[in-house]
Amino acid sequence: MNRKILETKDLSFSYEEGRMALNHLSVEIYEKEKIAVLGANGAGKSTFFLNLNGVREPEEGEIFLYGNRIDRKNRRELIKNVGIVFQDADSQIIASTVKAEVAFGPLNMKLPRQEVEERTINALERLDLQAYAERPPHYLSGGEKKRVSIADILAMDSPIIIFDEPTASLDPVNADMLEKILEELEQEGKTILLSTHDVDFAYRFADRVLVFCEGKLIADRKPENIFRDEKILKRANLKKPVLVEVYEMLKQKNLLQKKTPQKNPLQEKLLSKEPLQESVRTEEEEHYPRTLAEIEALL
Amino acid sequence: MERDRKKVHRHGHHGRHRHVSIDSYAYISGLKEWNTPYKVSFALLAILAVITADSPAVSIMTMVFMGGLSIGAGRIKSGDYFRLMLVPAAFIITGGIAVLIQVGTGAESLLRIPFFNTNLYITKESLGQSLGLFGKAFGAVSALYMLALSTPMGEIISTLGKVKVPSVILELMHLIYRYIFILLETNAGQKEAAQSRLGYCDMKTSFRTFGGELANLLILSMKKSGEYYDALESRGYEGNCLFWEEKKKLMKKQVFWGAAYVGAAVILLILF
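Line by line, the protein sequences give chains A and B. In this text, residue positions in the first sequence follow UniProt numbering: the first is 1, and each later residue adds one. In this text, residue positions in the second sequence follow UniProt numbering: the first is 1, and each later residue adds one.
Check before you lean on any hint, since a few could be wrong.
Claimed, not checked - Straight-line Cα separation of at most 25 Å, BS3-like style, residue types lysine-lysine; simulated pairs: (1) A:Lys110 to A:Lys73; (2) B:Lys223 to A:Lys145; (3) B:Lys162 to A:Lys145; (4) A:Lys110 to B:Lys164; (5) A:Lys145 to B:Lys253; (6) A:Lys145 to B:Lys191; (7) B:Lys247 to A:Lys110; (8) A:Lys110 to B:Lys191; (9) A:Lys80 to A:Lys110; (10) A:Lys145 to A:Lys253; (11) A:Lys180 to A:Lys253; (12) A:Lys34 to A:Lys251; (13) A:Lys110 to B:Lys252; (14) B:Lys32 to B:Lys191; (15) A:Lys216 to A:Lys239; (16) B:Lys32 to B:Lys162.
As the list claims (entries may be wrong) - If you want the footprint, here are the derived chain A segments under chain B, 3+ residues with CB under 8 Å: (17) 99–111; (18) 126–137; (19) 199–211.
What the hints assert, rightly or not - Each pair of labels, with its calculated beta carbon distance range: (20) B:Gln195 to A:Glu248: 57 to 65 Å; (21) A:Glu179 to B:Val168: 36 to 44 Å; (22) B:Ile219 to A:Glu16: 17 to 25 Å; (23) A:Arg19 to B:Lys248: 25 to 33 Å; (24) A:Glu179 to B:Ala259: 34 to 42 Å; (25) B:Ile219 to A:Asp200: 52 to 60 Å; (26) B:Ser221 to A:Arg75: 25 to 33 Å; (27) B:Gln195 to A:Leu292: 55 to 63 Å; (28) A:Ser26 to B:Lys248: 30 to 38 Å; (29) B:Gln195 to A:Asp200: 20 to 28 Å.
Derived from the structure by calculation, the hints contain no laboratory data. Source: prediction; values computed, not measured. Note that beta-carbon positions come from the ideal geometry of N, C-alpha and C, so glycine has one too.
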């Protein structure tokens, strides 16, 4: 089983008196998990991320990193271990050239000059930005800026990477590139959290979904479990992914040949992970197809 | 490399926002690879030489030398270079005219025109003085342009750091430089949105719209500043901005140009 990397216990936070932005959140995050955080605007996703990263200090509750309790003194450990790619690349970029921008995080980590340069060049290469190294950020396009903001965080090489609505305002080419990077990060063994309004993307990407509603965590399960639960979808104002809708429609019309779909090995592996919540353990699960090919196999 | 240069040019001049201009040359200049402290010293030395030598020959030589360096080695298009020179030229010429033309009785003048109940006139001295001023001003500006058109802002700021300018000022310079472009971009968006709703249809409306834009820009900036600070902190900012500084080697060729300039100035001073 994977190691527990980050944990919050009864985490609460509010920006103004009487309105909780985060309301007693308890979440355990394990190494190499791919977590999608869903919820309406203002449900507390971004605030949750800023708390995990140590930029915001929780009002109540505790955060544990590798089992160590985080307090004011070692808050910096969170910054080193959890990186955030902000939604708006312009609000993240501060340096006057792309290279200086990507080097900003490693420099703040007080790494030796040579390592800073290695990490920077490596991150630029991974996002195909070498040709832009000496350019100022204000002459880049939106997609290029997004890539710079991702390179910023890759250069810091934190084990946990958070993407705050990464697909917002990306064109299809850049969105594909983003998914490719996410895949690579997964293979490198990074833990990824991302918030999104794109349920199809979340369904494709995540092996665990957290649903936020008005500062509360209302569900924490596997995606196929979330997306067939009408109650939760309704409460959080979420739509069903197209794949789930198609699958359910085909099932309803009895168009599926095979009644009991085989469980694929990947799914078995996910199931073997320690149950996330009590509700996950209940009733044997029907496997929902995650790709179009899986649906095709059922026809 | 060639393709890159073209691309920056495109962004700089035909992009959505046409205000981008003078700083874009620094990123495509052939002098970009010069050692920055050396380049800054070179430009300052030239300015100092022009002012202290007080010799038209040195001024003209500096103008030609620096112009040649910017256009030749820096590969800035000559048309662009002269267009950029027009900006200071407007100030220098009006200043020069003020020195050139005297008011009074106008004895021993080269040229005299009656003006109401006095005379406007030019003397030999005033002509010499104003030409000297032209030369000095253009010489100094051309040296400054050599630096400004080939050095990205970040590098100028880090060179200032080397001469112990307080880090608060340097950080402010960095942040202001970055956010100027965000402000301009935001304002360009606002302007377009306002135009699409007839916000600039006549003078009165334009003033009102412009005021509204500025007020909104202030509010937007205040809101965004919190987010910017969060983003800084999330990457380990602790009240001290550390920026990457490229180390550029001082090459023989660069020293040669410096030496050539000094040599030419000395020879001219001896000859004239």
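Evaluation of the provided hints:
1. A:Lys110 to A:Lys73: Given pair lysine 110 of chain A, lysine 73 of chain A holds - Cα atoms ~18 Å apart, limit 25 Å.
2. B:Lys223 to A:Lys145: holds, 21 Å
3. B:Lys162 to A:Lys145: violated, 30 Å
4. A:Lys110 to B:Lys164: At roughly 21 Å apart (the allowed maximum being 25 Å), lysine 164 of chain B and lysine 110 of chain A satisfy the hint.
5. A:Lys145 to B:Lys253: Violated, because 36 Å separates the two Cα atoms, which is more than 25 Å.
6. A:Lys145 to B:Lys191: Distance ~23 Å between lysine 145 of chain A and lysine 191 of chain B Cα, so the pair holds.
7. B:Lys247 to A:Lys110: holds, 18 Å
8. A:Lys110 to B:Lys191: The hint is violated at about 42 Å.
9. A:Lys80 to A:Lys110: holds, 11 Å
10. A:Lys145 to A:Lys253: This hinted pair is violated, its Cα atoms lying about 46 Å apart.
11. A:Lys180 to A:Lys253: violated, 35 Å
12. A:Lys34 to A:Lys251: violated, 28 Å
13. A:Lys110 to B:Lys252: violated, 34 Å
14. B:Lys32 to B:Lys191: With Cα atoms ~35 Å apart, lysine 32 of chain B and lysine 191 of chain B exceed 25 Å; violated.
15. A:Lys216 to A:Lys239: holds, 19 Å
16. B:Lys32 to B:Lys162: Distance ~19 Å between lysine 32 of chain B and lysine 162 of chain B Cα, so the pair holds.
17. 99–111: holds (count 8)
18. 126–137: holds (count 5)
19. 199–211: Contact hint for the stretch 199–211 of chain A vs chain B: violated, 0 residues under 8 Å.
20. B:Gln195 to A:Glu248: 57 to 65 Å: violated, 48 Å
21. A:Glu179 to B:Val168: 36 to 44 Å: Holds, since glutamate 179 of chain A and valine 168 of chain B (Cβ atoms, about 42 Å apart) stay within the stated range.
22. B:Ile219 to A:Glu16: 17 to 25 Å: Since isoleucine 219 of chain B and glutamate 16 of chain A have Cβ atoms about 18 Å apart, the given range 17 to 25 Å holds.
23. A:Arg19 to B:Lys248: 25 to 33 Å: violated, 53 Å
24. A:Glu179 to B:Ala259: 34 to 42 Å: violated, 56 Å
25. B:Ile219 to A:Asp200: 52 to 60 Å: For isoleucine 219 of chain B and aspartate 200 of chain A the Cβ distance comes to about 36 Å; the hint is violated.
26. B:Ser221 to A:Arg75: 25 to 33 Å: holds, 28 Å
27. B:Gln195 to A:Leu292: 55 to 63 Å: For leucine 292 of chain A against glutamine 195 of chain B, whose Cβ atoms are near 45 Å apart, the range 55 to 63 Å is violated.
28. A:Ser26 to B:Lys248: 30 to 38 Å: Roughly 53 Å apart at Cβ, these two residues miss the hinted range, so it is violated.
29. B:Gln195 to A:Asp200: 20 to 28 Å: Cβ of glutamine 195 of chain B to Cβ of aspartate 200 of chain A: about 36 Å, so the range 20 to 28 Å is violated.
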